[in-house]
Amino acid sequence: MFGLLAVLPLFGETFHYIANLRPLWMLSKAFPVLSLPLVLSLASYARFPMTRQIVLCFTWLVLSPSIAAIFYFNEGFFTGITAQVKLLPMLYFFSFLGLLVILRPSLKEIRRSFLFLGMLTVGVLILLWAIVPNRWYNTHYVFGAAPFFSADNRGHRIRMQMFFPIILLFYLYRRAFFEKNLACLAGAAVTFAVTLLIVKARSMIIGITVITMINTIFWARPLMRVGLLLSGPFAFMAMFSTGYLATTFNTSRDTGFDVRYITAQKATSFLGDSPLRWIFGVGTLSPTSKDTLVSYFHHFFFLADITWLGIVFEYGLVGALIFILFELRGMLFYSRLRRHVQDDFLDSLFDYIGYVLVISFFYPPTLAPGETAVILAIFAYTWRAGGFETPMPAAYDHNMHRPS
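Sequence positions in the sequence shown follow the numbering used here and run 3 to 406.
Treat the hints as calculated values from the structure; they're not laboratory data.
Some hints could be false.
To be verified - No farther apart than 16 Å at their CA atoms in a straight line, the calculated lysine to aspartate or glutamate pairs in the EDC-like style are these: (1) K110 x D346; (2) K182 x D346; (3) K110 x E329; (4) K110 x D349.
I would like the entire structure built from these sequences, with the hints used as guidance.
Dropping the structure here:
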């Protein structure tokens with residue numbers, strides 16, 4: 003379990019955008035390549051579920067925009083490939099699966115590792131919020147930068163990847179609902195409060211709120227379900243009409259909407275009326291290129307700001323569909339897995355995939371594809387370890403230690 007705990011933050015991309023922690027940030031960026039030798043441990047096993055689709059998805063998403071950039075931005079092919087390093091964490095499906103095969107943890111050990119890291123992250127955030135002086139919060143920074151400690155129209159905030167805490171929240175909420183456990187409810191409330199008051203990421207709040215609302219509606223009794231369906235939208239609107247959350251759908255200059263709007267205009271204009279550009283995308287400029295999208299378009303042009311339009315710009319409608327199918331494949335596979343094993347932790351991982359789809363309108367899936375890849379690897383490992391590929395389902399053992 004300790005080996006799993008040591009590397010899970012890297013697989014979960016915890017430090018992927020915390021440039022202030024330079025050594026861990028650099029290690030996180032290099033880890034998709036450094037962890038690839040773990041794939042060799044899969045060689046002696048039959049092909050795991052979802053392997054073929056992920057290989058095809060990754061290959062298309064890397065090659066298609068790299069080829070397109072040759073024609074639309076005069077990029078070299080290999081230079082264009084370097085623009086797709088952000089997709090390397092998709093390979094965590096194979097390397098993390100390889101690690102699981104080597105360590106052979108039980109589902110209980112995987113669950114404990116995730117929940118511990120979730121609680122640790124929440125604890126660290128509370129500690130930092132309590133002790134960090136005001137002068138550490140950066141009020142003036144270059145547009146597009148994301149300092150760890152920053153101050154904007156939302157107040158002081160700490161930018162932290164919340165992969166583990168949000169899974170913890172979904173898990174605790176499930177336990178609280180079905181077991182009427184007040185301790186779990188309190189834990190979920192604290193995790194939500196940290197996200198709301200310390201991290202202050204509006205997309206996270208939207209994702210958590212939508213997923214918990216959907217789950218509550220499905221779990222409720224029929225009469226209560228009707229009440230929730232009628233009152234839920236009003237509660238959602240009321241919640242996002244107060245405090246900094248009121249700026250979520252604000253179009254004022256302070257929220258940066260004007261920058262995103264101009265970016266969307268320029269992207270749409272560049273795609274024009276060419277079906278090929280819309281279907282297959284036009285690629286992008288690599289960070290190693292002498293030119294940048296900002297200088298090319300004479301504007302603070304960041305594809306992540308326009309989320310799905312940015313994905314269509316770079317990868318085309320075909321690429322956008324592939325990203326959606328990457329998430330849906332995990333959800334569909336879990337529906338098969340759940341016929342054999344029902345576990346609150348696995349359900350929480352399923353919730354997280356739904357969360358990724360919800361926030362994709364604000365936070366594109368290209369920024370953290372490794373999170374979904376890790377979840378899919380756990381699903382595939384659990385399926386193989388439980389022996390569910392046999393015609394007659396084997397009885398699942400929560401203390402399983404060795405894949406069949």
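Hint by hint, here is what the structure shows:
{"no.": "1", "hint": "K110 x D346", "verdict": "holds, 11 Å"}
{"no.": "2", "hint": "K182 x D346", "verdict": "holds, 14 Å"}
{"no.": "3", "hint": "K110 x E329", "verdict": "violated, 24 Å"}
{"no.": "4", "hint": "K110 x D349", "verdict": "holds, 14 Å"}
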